Amino acid sequence: MTGEVRYLMNAWYVAALSTEVDGEVLFRRKILDISILLYRKHNGEPVAMRDRCAHRFLPLSMGKREGDIVVCHYHGLKYDYTGKCVHSPHGDGRIPKAAVVQSFPVVERDGFLWIWLGDTEKADPSKILDCSMLSKSPKDAVFYFAIRNNANYELMTDNIMDLTHIDHLHGPLINTNGKLSPLIPEVTEERDDINIRWDWKADPAMQLLAVHLEEPEGKADQFFSVKWHAPSNMHLQVGAVQGSDDYHKDGVVLYDHHIMTPETAKSTHYFFGSARNYKQYDAEYNEMHKEGLRTAFATEDKPVIDLQQEEIETTDLFSLNPVLLSSDAGNVRVRRKLKALIEEEVSQGDTNSTAMK
Amino acid sequence: MTGEVRYLMNAWYVAALSTEVDGEVLFRRKILDISILLYRKHNGEPVAMRDRCAHRFLPLSMGKREGDIVVCHYHGLKYDYTGKCVHSPHGDGRIPKAAVVQSFPVVERDGFLWIWLGDTEKADPSKILDCSMLSKSPKDAVFYFAIRNNANYELMTDNIMDLTHIDHLHGPLINTNGKLSPLIPEVTEERDDINIRWDWKADPAMQLLAVHLEEPEGKADQFFSVKWHAPSNMHLQVGAVQGSDDYHKDGVVLYDHHIMTPETAKSTHYFFGSARNYKQYDAEYNEMHKEGLRTAFATEDKPVIDLQQEEIETTDLFSLNPVLLSSDAGNVRVRRKLKALIEEEVSQGDTNSTAMK
Amino acid sequence: MTGEVRYLMNAWYVAALSTEVDGEVLFRRKILDISILLYRKHNGEPVAMRDRCAHRFLPLSMGKREGDIVVCHYHGLKYDYTGKCVHSPHGDGRIPKAAVVQSFPVVERDGFLWIWLGDTEKADPSKILDCSMLSKSPKDAVFYFAIRNNANYELMTDNIMDLTHIDHLHGPLINTNGKLSPLIPEVTEERDDINIRWDWKADPAMQLLAVHLEEPEGKADQFFSVKWHAPSNMHLQVGAVQGSDDYHKDGVVLYDHHIMTPETAKSTHYFFGSARNYKQYDAEYNEMHKEGLRTAFATEDKPVIDLQQEEIETTDLFSLNPVLLSSDAGNVRVRRKLKALIEEEVSQGDTNSTAMK
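Residue numbers (this note's numbering), protein chains in the order written: chain S, 919 to 1275; chain U, 919 to 1275; chain V, 919 to 1275.
Excised from the complex, chain S in its bound form (with noise of 0.2 angstroms):
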């Protein structure tokens, strides 16, 4: 399954939401093909190691913690949270050097567990998509989940990237009534992101917004933006302002977040966070938006994407010559970006990114 397709290794991928990883698990999580071991230490700090003891390649999430320590369930070597053989019950108890499990740096923030595959060296937190408007908000304006697709992660960056589809795709609750696809969106770069935006007039506005407007069935003012962050990290907005210009002070804005991690060259661990600046202390309003929103991605967008990498087989969607159409502005950008990241990376020869095939 790998072969034909190479990740970016020096990037931050989410491996898992801040939730999945609770208590005492042995989180076990496949991403970029590679196994890993995700858990949290007694003092709540995450740490992430590949989930295949040095020994005899079990998952090390087989075993079981003593505090935070893992024991292997096969033969009982214990590691520590850094990835290193600490005892062996073996013979005189001499632990082989070699004894160590590969440990990833990871980083909590803004309620994902974002890792680093590639060099080490390199892992700067600095550059992690900023989600902190997930944090920042009060808990009851924000909720996650997680979806897993059956689809290489750039066709699922290519549906985010290309907002148009809301249209035909989904129900009147998310769609603009047309008034989209005729729009030339702004594509810009800004240093390696790729930003996307549509601005637009509607009569009335989106339905999810328009009914938190002061005339709901009135005119708006629209937009939607998303920043793309390689490898596959999107921040989207939309939203709907009356009489104003400063959507964020007087209008509706929801802030999405739209986190792609490969699971394989044909799956994708799909991370969700969202965020807004209206209703945000209603518990059971926020339960209702996230169903609504979670239903829409699992029922209307996950199936197409799924059918749509079924079809087309390969990961290499160029190859297939597809014909371009104007809303292909932001996400044909964003292939070539990724795909030059890639290349450099690759050129420059950093050994980690192949040592771990």
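Fair warning: there could be bad hints in the mix.
Which copy is meant is left open, so a pair is good if it fits within one copy or across any two.
[Stated by the list, open to error] Distance condition first, Cα-Cα at most 20 angstroms in a straight line; then the derived SDA-like pairs of lysine to any residue:
no., residue 1, residue 2
1, 982, 1090
2, 948, 1224
3, 948, 1229
4, 982, 1088
5, 1015, 1239
If you're looking for bench data, these hints aren't it; they were derived computationally from the structure.
Treat the numbers as computed from the prediction; the structure is a model and nothing was measured.
Please arrange chains U and V on chain S, whose structure you already have, making use of the hints.
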């Protein structure tokens, strides 16, 4: 799964029973490794095109219809029934020249939808296997069914071309009590068709037919004939007669059509259509007869052929040096003929047959 | 699935438990990637042949018996128990010379059906692993079972050759409370067999055995020994004794036989046969003991080994540079020995081992 198998491209294949593509349905079926969309225009005419949008390759069958137009479910491109994109909601609405989905000639005849995946200029409907008995017979003397097999289509052709298997595989209703196997069948070639025929005297005749003869327990003349028409479409007749040499006028004859359409190298859509010259106005008998044959194929032939495929793994039977018996006279000729036709097509550099891959 | 793996062909493998091939049954099992038909002649003698008709390769096990003759279910060819076609109902009944199915030497011994897939002339029954404790013991002191694993057979051999896993993987009934791992086992080679042995003093002995000693809570001498016999057949003894140095006469000893037969490169038939020198006439205990061990293998060993296979993917463990511990002394020797035997066989150009593919 492809790769090892080349199909005959310039040939008519049954894509579906007429009844499968009904009303407003957007019908998806994989044929020769290609996803095909079949539907009927409002005037009832069937059309076929590749089931993948030119933009992002979502199967169009996921979309909806607007009259005879198909709307892609992902970004709203609209296609007419020739596969031409006729509307884009994106940007200024300009339609890229490449926004065309390959369409295929379809002919509806005798209860089948015949499709041509090869060079369109060569699509000559006069080359479709004659199944006119199905349309000429009273409706209660005709039935159809479709079964999907997990086996290469040539194994399924072999099964029909060597009918001696019926004495070993099937129950008393459709076997010959050992009469068939000792016969040396007559194999003849007629242009590119291969015919095989067995004649024998039975005492009594095959149960299925005997009960419809004047003297069910009496002696009868019997015959089997199969006409193979490339690539894998067969017309089979089986008859019994007493005191006459005209099966069709004085005897009882079944006119069966065994049509094999490759889905992939190792799976096949098997279409069956049957007519007869007796009990032509008995709907109840017709249903019973259909269920009897469908059950025989589904529970007696299918498991054997699927297991045969599983056991040999390859799609090149001859590479395993099978022992040949007199009863293989027909299927060996058929395999050689088909191989020659495919090689001829390849040597002529037919671009269509490879462009699709 | 083959390709990457070469098996030792000139060796005895267990094809089935004696009880699996019962009465009139035509028993199908894949061994070393080859489908085998096993059945018993009316005199009770087991026979084995390739489970594919020479004509169209249908598994003969789908057919029926006529005495010791097997009739193919597809076109009625009949084979005697040597694999020779003895009857064809086709044409003039002439039997093509090539109508022979490869047959294999089978020896029934000690409750197992041993098969030889290599060069028939080298099939020497004296080279079968000695499992005579199973036939010499009273019937209520003996039991067998078979489990199918999704793992390469060498991983399963490793599991038996490194018994230190029992302290980490299994419950108190069959572990040593940490006594085993610190020991340096004695590894010896005896012709092509590899023996490994652990001796220790226990206080008390392993639960499973302790309850059958005079003083269950008292001190005891204990030992484990495993004899490995190529390719993957093992005889394991575990014993405890008090106040004597003769385990077999004065102590309690289990005589277990762990027999691994590759199904494919990544799946294994695991046959287990056990005898003991205590409680030899207690049918109820025998059943309970059997269920206890079967449950331990099925729910404790099997998931670990299957997941280990899933994690490493390859069948070449050493290519992953596993850390080696003192407890690996036996299995490393075994892997090297087996590799040498296979290479020796390949270098001798044994045609049988490749002709089959």
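Give the relationship of residue 948 and residue 1224 under a CA distance limit of 20 angstroms: within one copy only, between copies only, both, or neither. Both: 19 angstroms inside a chain and 17 angstroms across chains, each within 20 angstroms.
For the identical chains here, do residue 948 and residue 1229 meet the 20 angstroms Cα criterion within one copy, between copies, both, or neither? This pair counts as between: shortest inter-copy Cα distance 10 angstroms, intra-copy 24 angstroms.
20 angstroms Cα cut-off: does residue 982 pair with residue 1090 within a copy, between copies, both or neither? between (49 angstroms within a copy, 17 angstroms between copies)
Up to 20 angstroms CA-CA - residue 1088 versus residue 982, copy category: For residue 982 and residue 1088, only the inter-copy Cα distance (13 angstroms) is at most 20 angstroms; the intra-copy one is 45 angstroms.
At 20 angstroms max between alpha carbons, let me know whether residue 1015 reaches residue 1239 within a copy, between copies, both or neither. Classified as between; 13 angstroms across copies, 51 angstroms inside a copy.
Hint violations for this structure: none, all hints satisfied.
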